[in-house]
Amino acid sequence: MNNNNIALPITNSKTLQKEDFIEWMNEIISKRIKIPFAIVLIFTSLFYIMAFVFALLGIKTVSIWYVLIVSTCLIIALFVKYGLSTVLGQLRYNQYSLTRSGSNRAIVFYKDYLELKVGNEAITTLPFVTIRKTILTEHLYIISFPNMVSCAVRRDGFTENDFEIIQARINNEIKVGKSQN
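Quick note: to get this note's numbering, add 6 to the position in the sequence shown (first position is 1).
Bear in mind the hints are in silico, worked out from the structure with no lab data behind them.
Everything numeric in this text was worked out from a predicted model, so none of it was measured.
Among these hints, one or two may not hold up.
Unchecked claim - Simulated pairs of lysine-lysine, PhoX-like, Cα-Cα distance not exceeding 20 Å: (1) Lys139 x Lys181; (2) Lys139 x Lys40; (3) Lys87 x Lys37; (4) Lys87 x Lys24; (5) Lys20 x Lys123; (6) Lys37 x Lys139; (7) Lys181 x Lys117.
Unchecked claim - With beta-carbon atoms standing in for the labels, derived distance ranges: (8) Val59 x Lys24: 41 to 51 Å; (9) Ala174 x Pro152: 16 to 26 Å; (10) Phe58 x Pro133: 20 to 30 Å; (11) Thr143 x Gly64: 21 to 31 Å; (12) Gly64 x Glu144: 28 to 38 Å; (13) Tyr72 x Pro133: 45 to 55 Å; (14) Asn100 x Leu122: 14 to 24 Å; (15) Met56 x Ile82: 16 to 26 Å; (16) Ile41 x Pro133: 51 to 61 Å.
The C-beta atom is built at its ideal place from N, Cα and C for all residues, glycine as well.
Using the sequences plus the hints, can you model the full thing?
What follows is the structure in structure tokens.
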């Protein structure tokens, strides 16, 4: 199919569920904390190894307070890595549910921008050239814009080849935007 002859606009009105928001937050958080989480794991592991070696040698240089502080850091890092996405996903879903309140929401993709619509009213217009990156998850297509703005749509909310068409168009605009910089 020729991308120039496709029917515009392409609409995705599939409602996001709580699991979608958790998947979205999990993807965003895991990408942002990958390096800090690895650093915390490395340093806590080294600390525990040193404390164990010193204990075997009978050297009493490691205070219980140090062990508690390092253990607390490890617990916080594990919570951020494995629990925060569930908490934030639930919160964002609750916000989404409150603002949705029976209204018909849709994301409409045009040739070079997308609109978030409630009913027939366009709430937000976001040009494709401002897209920083896109992320594919198991069920979602996440589009990231500047200033930590992102938009997620269900991949199964598109009909036939519409998802591939939109994805190709957005990827092309990202390339054009990068070449102009």
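Evaluation of the provided hints:
1. With a CA separation close to 10 Å, the supplied pair Lys139 and Lys181 stays within the 20 Å bound.
2. Between the alpha carbons of Lys139 and Lys40 the distance comes to roughly 17 Å, so the proposed pair stays at or under 20 Å and holds.
3. The suggested pairing of Lys87 with Lys37 holds, with an alpha-carbon distance near 10 Å, which does not exceed 20 Å.
4. Using a Cα cut-off of 20 Å, the hinted pair Lys87 and Lys24 holds, with the two alpha carbons roughly 19 Å apart.
5. For the suggested pair Lys20 and Lys123, the alpha carbons sit about 13 Å apart, so the restraint of at most 20 Å is met.
6. Proximity of Lys37 to Lys139 is assessed by CA-CA distance (about 12 Å); at most 20 Å being required, the pair is judged to hold.
7. With a CA separation close to 15 Å, the supplied pair Lys181 and Lys117 stays within the 20 Å bound.
8. The given range of 41 to 51 Å is respected by Val59 and Lys24, whose C-beta atoms sit roughly 46 Å from each other.
9. Roughly 22 Å separates the CB atoms of Ala174 and Pro152, a value that falls within the hinted 16 to 26 Å.
10. Restraint check, Phe58 to Pro133: a C-beta distance of roughly 56 Å breaks the suggested window 20 to 30 Å.
11. At roughly 51 Å, the beta-carbon separation of Thr143 and Gly64 lies outside the given 21 to 31 Å, and the hint is violated.
12. A C-beta distance of roughly 52 Å is found between Gly64 and Glu144, which places it outside the suggested range of 28 to 38 Å.
13. The given range of 45 to 55 Å is respected by Tyr72 and Pro133, whose C-beta atoms sit roughly 52 Å from each other.
14. Evaluation of the 14 to 24 Å hint for Asn100 and Leu122 yields a pass: the beta carbon distance comes to about 19 Å.
15. The hint said 16 to 26 Å for the Cβ distance between Met56 and Ile82, and at roughly 21 Å that hint holds.
16. Checked against the hint of 51 to 61 Å, the pair Ile41 and Pro133 fails, with Cβ atoms roughly 31 Å apart.
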